[in-house]
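Chemist: Protein sequences appear in the order of chains X and F.
For the first sequence, my numbering gives the first residue as 1, with consecutive numbering after it.
For the second sequence, my numbering gives the first residue as 1001, with consecutive numbering after it.
In case anyone wonders, no lab produced these hints; they're calculated from the structure.
All values reported here derive from a predicted model rather than from experimental measurement.
Don't take every hint at face value.
Claimed, not checked - The calculated label-pair distances, taken between Cβ atoms and stated as ranges, are:
1) X:346 - F:1092: 46 to 52 Å
2) F:1173 - X:340: 22 to 28 Å
3) X:148 - F:1134: 33 to 39 Å
4) F:1135 - X:124: 50 to 56 Å
5) X:24 - F:1173: 26 to 32 Å
6) F:1090 - X:30: 36 to 42 Å
7) F:1009 - X:103: 33 to 39 Å
8) X:103 - F:1092: 31 to 37 Å
9) F:1082 - X:221: 28 to 34 Å
10) X:30 - F:1122: 46 to 52 Å
11) X:341 - F:1089: 24 to 30 Å
12) F:1090 - X:14: 52 to 58 Å
What the hints assert, rightly or not - On the chain X side, residues computed to face chain F include the following (Cβ under 8 Å):
13) 41
14) 194
15) 314
16) 316
As the list claims (entries may be wrong) - Here chain F is said to cover these stretches of chain X; the calculated rule only asks that three of the stretch's residues, wherever they fall, bring their Cβ under 8 Å from a Cβ of chain F:
17) 125-132
18) 222-228
Built from N, CA and C at the ideal position, the CB exists for glycine as well.
The lines below spell out each chain.
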Amino acid sequence: MFYREAGAFKTNYAADMALYPLPITRWAVVATAVLFIVIAPMFFGEYVVSLLNLILIAVVGALGLNILVGYSGQISIGHGAFMSVGAYTAAHLVVALHLPFWVTIPAGGIMAALVGLVVGIPSLRVKGIYLCISTLAAQLIIEWTINHVQWISGGVQASIQIPRPSVFGVALVHERQIYLFLLAFAIIAIVATQNLVRSRIGRAFIAIRDQDIAAEIIGINIFRYKLYAFAISSFYAGVAGALESYYLGIANYEQFQIDVSIDYLAMVIIGGLGSVLGSVFGAVFVTLLPVVTRIVLDSAGRVFFSYSDLLSLVPNLRLVMFGGLIIFFLVVEPDGLNRLWGNIRNYFRMWPFSY
Amino acid sequence: MGGFDWGFTFVLVVNGVMVGLMYALIALGFVLICKATDVINFAQGEFVMFAAFIAAGVAGAGLNFWVAALVSIIGMVALGFGLERVVLRPLIGRGIIAVVMATIGLAAVLRGVAVLIFGPDTRAITMPVGDMPINLGIVSVPPAQLAGAVVSIIFLAVFSWFFLKSRVGVAMRAVADSQQVAMAMGINVRRYFALAWAMAGVVSAIGGVVWGAMLGVDNQIALVGLKVFPVVILGGLDSIVGAIVGGLIIGVVENLAAGYFDPVVGGGTKDFAPYLVMLIVLMIRPEGMFGRRRIERV
Chain X
1 MFYREAGAFK
11 TNYAADMALY
21 PLPITRWAVV
31 ATAVLFIVIA
41 PMFFGEYVVS
51 LLNLILIAVV
61 GALGLNILVG
71 YSGQISIGHG
81 AFMSVGAYTA
91 AHLVVALHLP
101 FWVTIPAGGI
111 MAALVGLVVG
121 IPSLRVKGIY
131 LCISTLAAQL
141 IIEWTINHVQ
151 WISGGVQASI
161 QIPRPSVFGV
171 ALVHERQIYL
181 FLLAFAIIAI
191 VATQNLVRSR
201 IGRAFIAIRD
211 QDIAAEIIGI
221 NIFRYKLYAF
231 AISSFYAGVA
241 GALESYYLGI
251 ANYEQFQIDV
261 SIDYLAMVII
271 GGLGSVLGSV
281 FGAVFVTLLP
291 VVTRIVLDSA
301 GRVFFSYSDL
311 LSLVPNLRLV
321 MFGGLIIFFL
331 VVEPDGLNRL
341 WGNIRNYFRM
351 WPFSY
Chain F
1001 MGGFDWGFTF
1011 VLVVNGVMVG
1021 LMYALIALGF
1031 VLICKATDVI
1041 NFAQGEFVMF
1051 AAFIAAGVAG
1061 AGLNFWVAAL
1071 VSIIGMVALG
1081 FGLERVVLRP
1091 LIGRGIIAVV
1101 MATIGLAAVL
1111 RGVAVLIFGP
1121 DTRAITMPVG
1131 DMPINLGIVS
1141 VPPAQLAGAV
1151 VSIIFLAVFS
1161 WFFLKSRVGV
1171 AMRAVADSQQ
1181 VAMAMGINVR
1191 RYFALAWAMA
1201 GVVSAIGGVV
1211 WGAMLGVDNQ
1221 IALVGLKVFP
1231 VVILGGLDSI
1241 VGAIVGGLII
1251 GVVENLAAGY
1261 FDPVVGGGTK
1271 DFAPYLVMLI
1281 VLMIRPEGMF
1291 GRRRIERV
């Protein structure tokens, strides 16, 4: 109905290579941007905005993991550890040197990227299962190192407090203020990923994912591009980790344990492997899942269970739903929410004359 | 340090061997699945936990230990069959990411369901072996641990024989080697996939009962799943001998490391050392000590 390719005539190369070639897409992007930049912070309550904040952080991390898993086909169970590297780097720079966020957040990303490069080195020799297990090892070793090395962990609690970032001298203490801050990072991450995956590097990633030996034969330096994938993905993770610790006001290794890595993998799978929009959907879905579970159980569950039962019920029910959804999507809809969205869009493309 | 403390080291090694045999048994469940179906089962620890919960639940209802163990085995066989049917079979032929993520999802489901059914409290399984420590020279070992080691040895021997000699075992190896050729030879590949999961269920049930008797049953038991990876990588993903040798080595290494380095770095070495060993193996010889080297063609 609204989504039509017809009538969009490209008369020069610039129009053909535009990020959003169709007018309808451009309008949709503008409308979404207005919704999230202007309307959301004005009308949503404090709690909803705080949920949006968590989602925005997850979007950055999920995009990074999707570059690695979805676009280059290298599975990684160490995303949480890379986030912790970014978080602790940023936290130390803030506390020790009082650097502003526009130094510390990229620095956290770069540090995570360097660690990611090291972790990515085995990807030349090992792949598939073995790579998966070696990233698991990386996750556990990084976790252990942060926890046990005093000058990294910053003391017995292994946590470092950081103040909220300030922009133009204004400290972002309110949820709505930091929302716009996080939104800026999420938008940068989305647009950067959209451009990355259609560049030379992104196409090389996709070639490696689809058939790495064939990719090597047509002249792609597999080792270099696999390392790029690890570095870029870890950079996103580091930025997400730094953002999260800025948002929560504390960097703690317990925020970034293996279940976080699995959460991010779930976002990428549920959202859709190899899709930017899918990463966003996945981030929204996985972040909201426990919240919705709790709200539903709080309202409906009181009828059946006592309050103390509910407290132990919620996290376990969340685990069951979480795992069940991963399996459901893998078995029933391997391309994730992104495919569902695509199906809806395609249905309405010719509607009401779909034949 | 003054003289080298041989006694201390001996104690650590004996404990390591005991734990290592348990690791070998649990890793065996992993290897069975990997060998026959090429699936990396990230839910192995949860299998063990679930089996322990079933056994503890039955024993908690006042029934005999042997009945509890039997129910646990039957339950896990049913679970293995069911999961293969519902979760893994639709994923045959899909990429490694899909299968790995499916087993990770499975792990989450099992962990949640176990607590939802059996409750969050720690339960106990008591093996009918008494609790007087048995004296072995300069070390004394709890009988539950010794019984666990004996059970492990028996089952490892049985499964080794099974794969080398029995008709079903040979057929399973054929399936693992090449599904297409096995199919052409008249082997029902799907049935053997299901059988592999059921057998992994049996092994996990035994591992769960013994491990649960040693540690007490709660969802922390699933953490043993994280020890499986170093064991199987060291031994080779598709080798039963590898699981045994790998289990023993990892058990001894982690005990020695914990005994000597924990005082220096302040704990946690036990979880760290196996992964260090594993990383070294991955760098030098990814297919492990006894694993089959995979050659890839376009």
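Chemist: Give a verdict on every hint.
Modeler: Results for each hint:
1. In this structure the supplied range 46 to 52 Å is violated for residue 346 (chain X) paired with residue 1092 (chain F), their Cβ-Cβ distance being about 29 Å.
2. The supplied range of 22 to 28 Å is broken by residue 1173 (chain F) and residue 340 (chain X), whose beta-carbon atoms lie about 42 Å from each other.
3. Range check, residue 148 (chain X) to residue 1134 (chain F): Cβ separation about 35 Å, and the 33 to 39 Å hint holds.
4. A hinted range of 50 to 56 Å holds for the C-beta pair residue 1135 (chain F) and residue 124 (chain X), which are about 52 Å apart.
5. Our hint of 26 to 32 Å for residue 24 (chain X) and residue 1173 (chain F) is violated, since their Cβ atoms are close to 57 Å apart.
6. A beta carbon spacing of about 41 Å between residue 1090 (chain F) and residue 30 (chain X) agrees with the range 36 to 42 Å that was offered as a hint.
7. A C-beta distance of roughly 50 Å is found between residue 1009 (chain F) and residue 103 (chain X), which places it outside the suggested range of 33 to 39 Å.
8. One distance hint, 31 to 37 Å for the beta-carbon pair residue 103 (chain X) and residue 1092 (chain F), is violated here, with the actual separation near 50 Å.
9. At about 46 Å, the CB distance of residue 1082 (chain F) to residue 221 (chain X) disagrees with the hint of 28 to 34 Å.
10. Remark: the range hint 46 to 52 Å for residue 30 (chain X) to residue 1122 (chain F) is contradicted by a beta-carbon distance near 57 Å.
11. Evaluation of the 24 to 30 Å hint for residue 341 (chain X) and residue 1089 (chain F) yields a pass: the beta carbon distance comes to about 28 Å.
12. Between residue 1090 (chain F) and residue 14 (chain X) the beta carbons are some 45 Å apart, a value that contradicts the proposed interval 52 to 58 Å.
13. With 8 Å as the threshold, the beta carbon of residue 41 (chain X) stays out of range of chain F, its nearest partner Cβ sitting at about 34 Å, so the hint is violated.
14. The closest approach between the C-beta of residue 194 (chain X) and any C-beta of chain F is roughly 22 Å, which is over the 8 Å cut-off, so the hint fails.
15. Interface hint status for residue 314 (chain X): violated, as the beta-carbon distance to the closest one in chain F is roughly 10 Å, over 8 Å.
16. Interface restraint check: residue 316 (chain X) against chain F, minimum CB-CB distance 4 Å, threshold 8 Å, status holds.
17. Counting residues of the segment 125-132 of chain X whose CB lies closer than 8 Å to any CB of chain F gives 6, so the stated coverage by that chain holds, three being the minimum.
18. Residue count for the segment 222-228 of chain X with a Cβ under 8 Å from a Cβ of chain F: 0. That is fewer than the three needed, and the coverage hint is violated.
When the structure is compared with the earlier hints, violations turn up for hints 1, 2, 5, 7, 8, 9, 10, 12, 13, 14, 15 and 18 and for no others.
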